[in-house]
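Both chains come to you apart, so use the hints to assemble them.
Residue numbers (numbering that gives the first Met the number 0), protein chains in the order written: chain A, 0 to 249; chain B, 0 to 479.
All clues stand as given, with none of them false.
Which chain B residues face chain A? A few, computed with CB under 10 Å, are given here: (1) G425; (2) Q433; (3) I437; (4) E439; (5) D441; (6) F450; (7) K452; (8) D453.
With a straight-line Cα cutoff of 20 Å, these simulated PhoX-like cross-link-like pairs (lysine-lysine) come out: (9) K452(B) with K99(A); (10) K99(A) with K124(A); (11) K121(A) with K99(A); (12) K93(A) with K452(B); (13) K99(A) with K150(A); (14) K17(A) with K225(A).
Covered stretches of chain A (chain B as the covering partner; in silico rule of three or more C-beta atoms under 8 Å from a C-beta of chain B): (15) 41–49; (16) 66–76; (17) 103–112.
Simulated from the structure, these hints should not be mistaken for laboratory data. Nothing here was measured: the structure is a model prediction, and the numbers come from that model. Where is the CB? At the ideal position from N, CA and C, for every residue including glycine.
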Amino acid sequence: MLEVKDLHVTAEGTEILKGLSLTVKAGEVHAIMGPNGAGKSTLSAVIAGKGGYEVTKGSITFEGQDVLEMEIEERAQAGLLLGFQYPVEIPGVKNVYLLKAALNAQRAARGQDDIPAPEFMKLIKERLAQMKMAASFLQRAVNEGFSGGEKKRNEILQMLVLQPKLAMLDEIDSGLDIDAMRVVADGINSLRAEDRSILLVTHYQRLLDFVVPDKVHVLVDGRIAKSGDAELARELEARGYEWVQEESAA
Amino acid sequence: MATEEMEQLVRREYKEGFVTDIESDTVPPGLDESTIEFISMKKGEPDWMLEWRLKAYHQWLKMTPPSWAHLDYPPIDYQAISYFSAPKRDEDRPQSLDEVDPKLLETYEKLGIPLHERAALAGVAVDAVFDSVSVTTTFREKLYEAGVIFCSMSEAIHDYPELIKQYLGTVVPQGDNYFAALNSAVFTDGSFVFVPEGVTCPMELSTYFRINEANTGQFERTLIICEKQAQVSYLEGCTAPMRDENQLHAAVVELVALEDAYIKYSTVQNWYPGDEDGKGGIYNFVTKRGDCRGDRSRISWTQVETGSAITWKYPSCMLRGKDSIGEFYSVAVTNGRQQADTGTKMIHIGEGTRSYIVSKGIAAGRSNQSYRGLVKVGPRAKGARNFTQCDSLLIGDTCGAHTFPYQEIGNSTATVEHEATTSTIGEDQLFYCQSRGISEEDAVSMIVNGFCKDVFQELPMEFAVEAEALLGVTLEGAVG
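The shape of chain B in the complex, shown without the other chains (with noise of 0.2 Å):
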């Protein structure tokens, strides 16, 4: 790609209200308006945006962290935090690949990333990485002629104002829980998707096409909203870890969809957990949520967690519409000091809405994990259906894994399944493996991958791949 074309783009994203001037865009750690108002400012975003944000923050001062997860950590220091930080400067970042932490390379060798990407990822000064330009550019093309919006949130608060204030916040109000007040009041930056009716869209999206825009991990807020008969698949992640210096990570997800639409929203998370005190690693505290409001809409969540020191996240379904469809495919790993604490909400509110959870727990080392779900019948959701199934797989004697299981019933005409199992990893399968020739880190990663084949295979093709490859990363050192 010829080098006037990527600057174009580049100039094209910071046209679009992202940093103007680099050198000044920092705050001294701290919240209150004059943050908020400097945030919304720094984005040059309209008055109503503005207003929005101060509205969330309000709530926000009201609120109190929640105490009911099954985590333990000390507690957060608001005022502590930076909450608008400009992209690193080129100087400032790594020149080339041997400036980068050498476990973090091998690590990226594992997972067999190309080496381009490697770089990206590390966080390697642009120039080395802009191979991904290419790709981006022609995808955006695709995606124009179906007539899919796939924009920054920047971007489409200017662009697409009356969509966002269609939709932003209806899923997931600003003062729905404490972080998501929080990342209502100062969320940096994030994701739009807009699928018009009747169309699907004609590729994966995936925010790893915006590596090159990144720097928004923060608190990150996406909005995908897919109108009648239309349907997306959006990949959300990486699987190769990724730099923060950043400890806390409050995204909100909102998803709508439309009568006859479908979204599925797959995940792999594999933020930094920290050294083996899990001290450095990053508090995932996400709420995501889909809102089914069509009849017959179906909305997909698939999750592999292998990362961060804290996960706090329970991706959930508003059934509305009649006949619409929740879906929660979960895998869960933990090793050494992390902890998780995740699950998912199933709200049938619409008649003949069906729900379906799959959860695998993996725990090792001295981790802790626990699967919390809810599922919640409404008076005029007839003959609704849920059924659930939750296992946990053991490694080691030190980890722990919680299951809760919340169930509120107000229809009689609704058929609600659970299942549960807990396991732990057999000695004999093990030895059967081993004695088999394999070694013992690869049996490990066979048993566990045969564990979560059941969500694994909800996952696009080329993820899957990865997220096998990472559960064999994650789990190293997990036995012996």
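Chain A on its own, in the form it takes in the complex (with noise of 0.2 Å):
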């Protein structure tokens, strides 16, 4: 499904990304793990198509397409999704119709008419009620005067709505007590089917408890360092990244 290979990325004249290369099939759940400054977010963010940052060398390829080549919303459009660790506040624009806009601009792009307004609104009280979210969400500016655990929620709503077929999540689990962590990885694993891929960013162990990978990445300096299964994250939890590094290094 997705292809990443030999990724060199630069951000304002520093090289980020150093040759990383990652395959993601269908049906898989991937988590990207890794030291603080290792290029975590950088690798969403440059699938997603984020401005700032130059890809010197490398493919990434979705389903077979350029995803370089792809605009912003193109990307979108073709079932890439990226969850974000800080999402931004739009005042004035309210949830359900940057909800409604962006649900029917996907379509489009697929050939299908706009949602009607019935089908829209039991859509979006099912997925409500899936987040453990009030409807009153719905006529709240995006994000605006949104504590951490909303916004996180608020995400991966749009996810359950948006139905991508890769769902990239930017440490979704910073900043969640306990209770919002288990409301969020329940709608994380109930993203989880044949045709959809997962990729978690995450630094923390934690959300790895409840959502419990395919695969797991250990990034380091802009590279994969190492990979495993499940208990590779309960190995780094235990043992603290260093000892990867210092494996790569050698």
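What follows is the structure, given as structure tokens:
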């Protein structure tokens, strides 16, 4: 589904990713872990098309399409969706409006008509309930005045509504208390499907107790230094990142 | 609607002193007493009206154009302007939409304007557009039953001379400012509204319904009077870009609210802004003022300004009546090379008067805009209160937004608050929306509409929907 090959990325003159390769197959959940500053967030940002990064070498393909040639919105329309670590506030724009506009933009890209209003409301109500969010969320401005936990839940809500093929979640667990973590994890687990892949970017193993990944990768100094299964995450939790760094330097 | 009825309606307009002989109704460029006499004669006006115009003209001669605004334009040659031009003959207009600039039609399409209205707006010959006449007729009947007068200024001068004598120029005197004096001397037409005591106007009044009587644009004069406990909501303009060959527009709008009256005046202005270099765009120098003459009266201005090459406009309220309220909600959008210097004046004269100002400015391209607001509290205005919120949003780094708040407080019991913010449209906001599959243009439009929400919610419903679409069209190509 997603194929990243020998990816080199610089930002403001500094090389952050230095030859990263990654293959994610349909139905798999991958976790990208690593120490701060290793380039974890850069990877998902570059896949989603965020500005300020320069790809100097390598390729990203998604279902055979060259992602680097696509506009940001085209990537989302193709089914690549990024959940933000710090979702931005958009004053005056209601949550429900953003959700509907996004859903309809994606439908339009697939040649479908706008979703009929009753169908949309039904869908939204189900998803809200799933994320344990009150209906009043819909009428609030996007992320404005939301607590950290509310923002993260809102990101997952968008995923549940937009149903991407590849969901990338950037530090979705940061700033969550244990209850919110459970709700978010349940949301992510409900996204798991044979035809959908999930890429979790996280610093801590905590989330992976709830969302058990198929593969775990340790990102050190712009490259994947070690890959393994869920057991690797637990090992990292117990031993920290240093031994991987030393191993990869050796 | 039957053809005879239509013809009757058209004839009636002429009879009321519009123009009788279209062929000969032109005057060469230039302005002197004889020009004004010609206009007054052509309109069949009574002597007192001519005298009123001449008095304005003599005041204008002694005045100089204002230079304090943050605007840059070459001096206007007032002798090069033709001050009276009859409506275009049908033969000279486009005969069908096929002859209209496709770009203009494309814009109408985007704004969702119905087909027959597109024709009217694009200036297509009458036959094609008279669907709206039936609307106009039923509309007039309904107003007549309620006792509301809504007619052209020309008609009002003939049919209601006492009201005109009593109110015209009492809010904006002939010598108020350079452009108002010019307007008073040469105004060609406009709207007149009178809502008698205790009547709430049964519908929103709109210049839109007067589209077939248009071509009064250049020096328009509007007078709206609400007697005690009367209410009216008036909509001026239209979201569609208006064709007009006159570069200088100097309108005057006067509102009078007596005790407990409420006037809500909403404007959507979308005159031609000129080409990419700003050439050929409309200069819009407007004087709008409301007089809260009676106790507990209320006047509310809501404006969405997106057009014109240059906008010079400060809808104001004179808060004379005790506990009267003045409101100003404004969205000004400039793109390309547009310049706008706009804002409001709230003059607190009576006790317990309140004013509320919300101004949202959006600048893109190489445009420049200023908010200029005066809050003045007189010595008798005990307990007066004002709240001003003034926000600017910049798109790109070649545009400018400026805020000039003036406060003259002559009373220690007054409360005046001013909040101002300037922000740029965030890359991260755009990225957030785009990464959900929304195109960049739609994302800009969404973010800007969110920014303007406080003002849009003051607009009458259908106007608000149009205004949102309009913002999107105005800001097309503003990013990227």
